[in-house]
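K.L.:
Starting from the structure of chain A, add chain B where the hints point.
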Amino acid sequence: MEALAKIVVKAAEAAADPAAAKNEAAAASAGFAYGLAAIGPGIGIGYIVGKAVEAMARQPEAAGMVRTTMFLGIAFTEALALIGFVVFILLKFA
Amino acid sequence: MNEPSSLFTAQLSGDAPEVAVTRHMLLRGLVAAPVLVLIASFIWGADGGASSAFGCALVMVNFALAAALISTTARISLALMMGAVLFGYLIRLGIIFAAVVLVRDMSWISLPALGCTIIVTHLGLLFWELRHVSASLAYPGLKPTSGGEASTSS
Chain A
132 MEALAKIVVK
142 AAEAAADPAA
152 AKNEAAAASA
162 GFAYGLAAIG
172 PGIGIGYIVG
182 KAVEAMARQP
192 EAAGMVRTTM
202 FLGIAFTEAL
212 ALIGFVVFIL
222 LKFA
Chain B
87 MNEPSSLFTA
97 QLSGDAPEVA
107 VTRHMLLRGL
117 VAAPVLVLIA
127 SFIWGADGGA
137 SSAFGCALVM
147 VNFALAAALI
157 STTARISLAL
167 MMGAVLFGYL
177 IRLGIIFAAV
187 VLVRDMSWIS
197 LPALGCTIIV
207 THLGLLFWEL
217 RHVSASLAYP
227 GLKPTSGGEA
237 STSS
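These protein sequences, in sequence, are chains A and B. Numbers given in the working numbering equal positions in the first sequence, counted from 1, plus 131. Numbers given in the working numbering equal positions in the second sequence, counted from 1, plus 86.
Same shape as in the complex, but just chain A (with noise of 0.2 Å):
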């Protein structure tokens, strides 16, 4: 009940002045897409490390080729965060 009214309060606030809500609507949405955006890497990275310590405790003589592809994968994955980032910067700031 209490988080209705608040959403009523804001309505108002966002009706009295359409512009503050439509920026305040635009720093929310890309806090928001930022937030999902880093979602996806960090699964990725978790995956991707998880799996190359299970293959270096398989196969130790393989542990360096692993770490390299390992440590290839974990910036590859890192890529789609940072283009995450530089999307709500650019929305955010610019």
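FYI, nobody ran anything at the bench for these hints, they're computed from the structure. Errors might be hidden in some of the hints.
As the list claims (entries may be wrong) - Distance ranges between label pairs, derived from CB positions:
(1) A:Leu211 / B:Ser220: 19 to 27 Å
(2) B:Val147 / A:Leu167: 52 to 60 Å
(3) A:Gly171 / B:Ile177: 15 to 23 Å
(4) A:Leu135 / B:Gln97: 50 to 58 Å
(5) A:Ser160 / B:Val117: 37 to 45 Å
(6) B:Thr158 / A:Val139: 49 to 57 Å
(7) B:Leu172 / A:Pro149: 17 to 25 Å
(8) B:Ile177 / A:Asp148: 45 to 53 Å
(9) A:Leu211 / B:Ile129: 36 to 44 Å
(10) A:Gly177 / B:Ser220: 20 to 28 Å
As the list claims (entries may be wrong) - If the Cβ cut is set under 7 Å, some of the chain A residues that face chain B in the computed set are:
(11) Ile176
(12) Thr199
(13) Phe202
(14) Leu203
(15) Gly204
(16) Ala210
(17) Leu211
(18) Ile214
(19) Val217
(20) Ile220
(21) Leu222
On a predicted model such as this, the values are computed, not experimentally measured, just so you know. Virtual Cβ for every residue (Gly too), placed ideally from N, Cα, C.
P.N.:
Coordinates of chain B only, in the frame set by chain A:
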């Protein structure tokens, strides 16, 4: 390290390949950065050049931090390495965010130039290094043997 149950105490000794890979990428980044700064200056002016230089530095520090974190924790234990990679990812994203937020109001910053440089430098350096690593894995006989080259063997 032969049994999965010893993963928590297993550690990796010897050379750290990610350090060699990162050293490679940093050297290539130093070569590519002036070109990127020049292109950004041409498109966005002097502000774009300064922002591009800042973006290049940010990406290279990010790579260096990632490699340092992995190589340091791998010597301690694999389980610690897993944790450090995941939390390191969050911490490095936070550092990049803080660095951009701190400079966003500076007179010399151009956010489109900074954003484009971050993406282009990150992906460009990775693809450049991937080309070398994949060639080394596919044709081990052709792998460069000089001191500065990346090693993919254990």
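K.L.:
Hint by hint, say whether it matches the structure.
P.N.:
Hint by hint, here is what the structure shows:
1. A:Leu211 / B:Ser220: 19 to 27 Å: holds (21 Å)
2. B:Val147 / A:Leu167: 52 to 60 Å: violated (26 Å)
3. A:Gly171 / B:Ile177: 15 to 23 Å: Because 18 Å falls inside the window, the suggested range holds.
4. A:Leu135 / B:Gln97: 50 to 58 Å: holds (55 Å)
5. A:Ser160 / B:Val117: 37 to 45 Å: Holds: the Cβ-Cβ distance is about 39 Å, inside 37 to 45 Å.
6. B:Thr158 / A:Val139: 49 to 57 Å: Once the Cβ atoms are compared, 53 Å apart, the range 49 to 57 Å for A:Val139 and B:Thr158 holds.
7. B:Leu172 / A:Pro149: 17 to 25 Å: violated (42 Å)
8. B:Ile177 / A:Asp148: 45 to 53 Å: violated (38 Å)
9. A:Leu211 / B:Ile129: 36 to 44 Å: violated (25 Å)
10. A:Gly177 / B:Ser220: 20 to 28 Å: holds (24 Å)
11. Ile176: The hint holds - A:Ile176 has a Cβ within 7 Å of chain B, the shortest such distance being about 5 Å.
12. Thr199: holds (4 Å)
13. Phe202: The hint holds - A:Phe202 has a Cβ within 7 Å of chain B, the shortest such distance being about 4 Å.
14. Leu203: Check passed: Cβ of A:Leu203 comes within 6 Å of chain B, closer than 7 Å.
15. Gly204: violated (10 Å)
16. Ala210: holds (5 Å)
17. Leu211: violated (10 Å)
18. Ile214: Check passed: Cβ of A:Ile214 comes within 6 Å of chain B, closer than 7 Å.
19. Val217: holds (4 Å)
20. Ile220: Cβ of A:Ile220 sits 6 Å from chain B, so the hint holds.
21. Leu222: violated (10 Å)
Of the hints listed earlier, those the structure fails to meet are numbers 2, 7, 8, 9, 15, 17, 21, in rising order.
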